[in-house]
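Peer 1: Turn these sequences into a full structure, and let the hints guide you.
In order, the protein sequences belong to chains U and X.
With UniProt numbering applied, the first sequence covers 1 to 153.
With UniProt numbering applied, the second sequence covers 1 to 332.
The hints are simulated quantities; they were obtained by calculation from the structure and are not laboratory data.
Remember, predicted model here, so these are calculated numbers, not experimental data.
No residue lacks a Cβ here, since even glycine has one placed at the ideal position from N, Cα and C.
Among the hints, erroneous ones may be present.
Said to hold, decoys possible - Simulated DEER-style distance windows between Cβ atoms:
# : chain 1 : residue 1 : chain 2 : residue 2 : range
1 : U       : Gln42     : X       : Glu199    : 25 to 35 Å
2 : X       : Glu299    : U       : Asp93     : 58 to 68 Å
3 : X       : Asp17     : U       : Thr137    : 43 to 53 Å
4 : U       : Gly151    : X       : Glu201    : 48 to 58 Å
5 : X       : Tyr144    : U       : Ala152    : 44 to 54 Å
6 : X       : Ala291    : U       : Gln42     : 32 to 42 Å
To be verified - Covered by chain U, according to a simulated footprint, are these stretches of chain X (three or more residues, beta-carbon under 8 Å):
# : segment
7 : 24-33
8 : 46-52
9 : 93-105
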Amino acid sequence: MRVNLTVNGERRRADDVWEGESLLYVLRERLGLPGSKNACEQGECGSCTVYLDDVPACACLVAAGQAEGREVRTVEGLADGDALDPVQQSFVDAGAVQCGFCTPGLVVAAHDLLRREPDPSDEEIREALAGNLCRCTGYEKILDAVHSAAGAR
Amino acid sequence: MIPFEYRRADDVSAAVDTVARNPTASFLGGGTNLVDHLKLGVATPEHLVDVSRLPLDDIEPGPDGGLRIGATARNSDTAADPDVRSRYPVLAEALLSGASGQLRNLATVGGNLLQRTRCAYFQDVTTPCNKREPGTGCSALEGYQRYHAILGASRHCVATHPSDMAVAMVALDATVHVQGPNGSRSLPAEELHRLPGDEPERDTVLEHGELITAVELPPLPFAANSAYRKVRDRASYAFALVSVAAALDVDDAGTVRDVRIAFGGLAHKPWRAHRAEAALRGGPATDDRAARAAEAELENAEPLAGNAFKIPMARGALTATLRRLSPLPTTR
Ligand SMILES: Cc1cc2nc3c(=O)[nH]c(=O)nc-3n(C[C@H](O)[C@H](O)[C@H](O)COP(=O)(O)OP(=O)(O)OC[C@H]3O[C@@H](n4cnc5c(N)ncnc54)[C@H](O)[C@@H]3O)c2cc1C
Ligand code: SF4
Ligand code: FES
Ligand code: FES
Numbered sequence: 001m002r003v004n005l006t007v008n009g010e011r012r013r014a015d016d017v018w019e020g021e022s023l024l025y026v027l028r029e030r031l032g033l034p035g036s037k038n039a040c041e042q043g044e045c046g047s048c049t050v051y052l053d054d055v056p057a058c059a060c061l062v063a064a065g066q067a068e069g070r071e072v073r074t075v076e077g078l079a080d081g082d083a084l085d086p087v088q089q090s091f092v093d094a095g096a097v098q099c100g101f102c103t104p105g106l107v108v109a110a111h112d113l114l115r116r117e118p119d120p121s122d123e124e125i126r127e128a129l130a131g132n133l134c135r136c137t138g139y140e141k142i143l144d145a146v147h148s149a150a151g152a153r
Numbered sequence: 001m002i003p004f005e006y007r008r009a010d011d012v013s014a015a016v017d018t019v020a021r022n023p024t025a026s027f028l029g030g031g032t033n034l035v036d037h038l039k040l041g042v043a044t045p046e047h048l049v050d051v052s053r054l055p056l057d058d059i060e061p062g063p064d065g066g067l068r069i070g071a072t073a074r075n076s077d078t079a080a081d082p083d084v085r086s087r088y089p090v091l092a093e094a095l096l097s098g099a100s101g102q103l104r105n106l107a108t109v110g111g112n113l114l115q116r117t118r119c120a121y122f123q124d125v126t127t128p129c130n131k132r133e134p135g136t137g138c139s140a141l142e143g144y145q146r147y148h149a150i151l152g153a154s155r156h157c158v159a160t161h162p163s164d165m166a167v168a169m170v171a172l173d174a175t176v177h178v179q180g181p182n183g184s185r186s187l188p189a190e191e192l193h194r195l196p197g198d199e200p201e202r203d204t205v206l207e208h209g210e211l212i213t214a215v216e217l218p219p220l221p222f223a224a225n226s227a228y229r230k231v232r233d234r235a236s237y238a239f240a241l242v243s244v245a246a247a248l249d250v251d252d253a254g255t256v257r258d259v260r261i262a263f264g265g266l267a268h269k270p271w272r273a274h275r276a277e278a279a280l281r282g283g284p285a286t287d288d289r290a291a292r293a294a295e296a297e298l299e300n301a302e303p304l305a306g307n308a309f310k311i312p313m314a315r316g317a318l319t320a321t322l323r324r325l326s327p328l329p330t331t332r
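Peer 2: And the structure:
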């Protein structure tokens, strides 16, 4: 099957996609965008979070065919050239990255939160990021990073 | 995963026809349950008919002044709808207590209603499970039972229905609209899901090929005073051990004029608590009466070795929910 979609502002096409592939697989293995991570592949960890038609979604549970004609923005699409998005920069500055596997999903989820709520409380951050699990459990630094990104915007 | 064919439906009748004609076909909503099951081998459809982009996502006033929620409305959009939030807050709270933001953005109303149990053995194709493979036995009877049923179960299956949204809809007396190969019909949300009996493979009364098109909430003015309480193993992003959806109507003297109560996490279906409602009507909504109402409802509970805690937990959850809905301090 062929899947046409817009990824990070560019029209892309993936050929010979098998129906059983997920959007995450298409992004990583067919379109060369390995930023979104494949961890649980069951919707439980949020590592695969991308914007799908402008709202965050777990790409691992979107069947490839469901992405046809839609707009995707991945973590690779957040930076402006070499200039990191404030959320990305804050994660680096706050040391909110250990192994880094959860980071791309958290960055997208935090980016979305700050679009909706420019100055979130701890509680709002915890709830908004509840779907993103960090196996290295560096949650305090992640909270710091989101607060400092809120300040930087 | 077995190979399957994927097709996006352009209209309701064609979607219904395609699935109804083919026993190995399935509707696909947001995919958050079914795509998972394809990967796990729990579901093995040969044809998927994607209904998530059918134009059934409107949330609009119903003909009788209620609210009609289209079957493909996303869980996040339903929870954010101004009418849902102001007129039926229990529904918004139930939706927001479920899953995570990035899942609610995908999940649809129809798919949420028809999501399958989270019983660990059901999801593990290497273990016996009557629901997944009729006749193989129920692994939960001698296994992990923390999330399992205490009401209405059978020796064939003790699973619970995991949806939070459905519990709120059952409390609100919602109607489910369905279109099938022989036309359309409507049924009370309370009658959509069934008890396991000796056919645990059937979660609901729907026939193969019947598509949920909408859920309609009746005008229920006191539903503006409603709430959802979910007790779980962590503060967010976990399924309910026990949950309560309630709407309360009290007069100035603090007497319960009317009340709606449904429990989640207790049974194979959202459990409408008619006995508890009857026990509460006509008197004050005190903690004591709430606890006795819960006890009336749970009189016939048959807890398993691993989940007897659900009885006091359900009692506590109902008491706390009604306390939140009561105009203090008149009823204390
Ligand atoms: C990690 C995780 C945590 C979760 N936590 C919670 C929670 O706390 N509370 C909770 O309530 N839920 C929770 N969920 C479940 C989630 O709410 C459901 O997966 C979701 O609501 C299903 O909707 P969907 O549209 O994605 O359904 P799909 O996966 O697309 O479909 C589910 C089923 O419904 C059928 N179907 C879909 N639409 C229709 C229709 N219109 N008519 C007839 N049949 C249809 C499909 O054939 C399939 O059998 C969680 C899920 C995950 C992955
Ligand atoms: S409780 Fe039901 S779903 Fe779970 S193993 Fe037993 S039969 Fe299967
Ligand atoms: S990889 Fe998608 S949620 Fe874990
Ligand atoms: S930094 Fe390792 S999983 Fe979060």
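Peer 1: With reference to the structure, classify each hint as holding or not holding.
Peer 2: Hint check:
1. In this structure the supplied range 25 to 35 Å holds for U/Gln42 paired with X/Glu199, their Cβ-Cβ distance being about 28 Å.
2. Remark: the range hint 58 to 68 Å for X/Glu299 to U/Asp93 is upheld by a beta-carbon distance near 59 Å.
3. Between X/Asp17 and U/Thr137 the beta carbon distance is about 51 Å. The supplied range of 43 to 53 Å therefore holds.
4. Checked against the given bound of 48 to 58 Å, the beta carbons of U/Gly151 and X/Glu201, roughly 54 Å apart, stay inside it.
5. For the pair X/Tyr144 and U/Ala152, the supplied restraint of 44 to 54 Å holds, since their beta-carbon distance comes to about 46 Å.
6. For X/Ala291 and U/Gln42, the hinted distance range of 32 to 42 Å is satisfied, since their beta carbons lie about 38 Å from each other.
7. Residues of the segment 24-33 of chain X with a Cβ under 8 Å from some Cβ of chain U number 4, which satisfies the need for three, so the listed coverage holds.
8. With 3 residues carrying a beta carbon less than 8 Å from a beta carbon of chain U, the segment 46-52 of chain X meets the three-residue requirement, and the given coverage holds.
9. For the segment 93-105 of chain X, the assignment as covered by chain U holds, since 6 residues bring a beta-carbon within under 8 Å of that chain's beta-carbons and 3 suffice.
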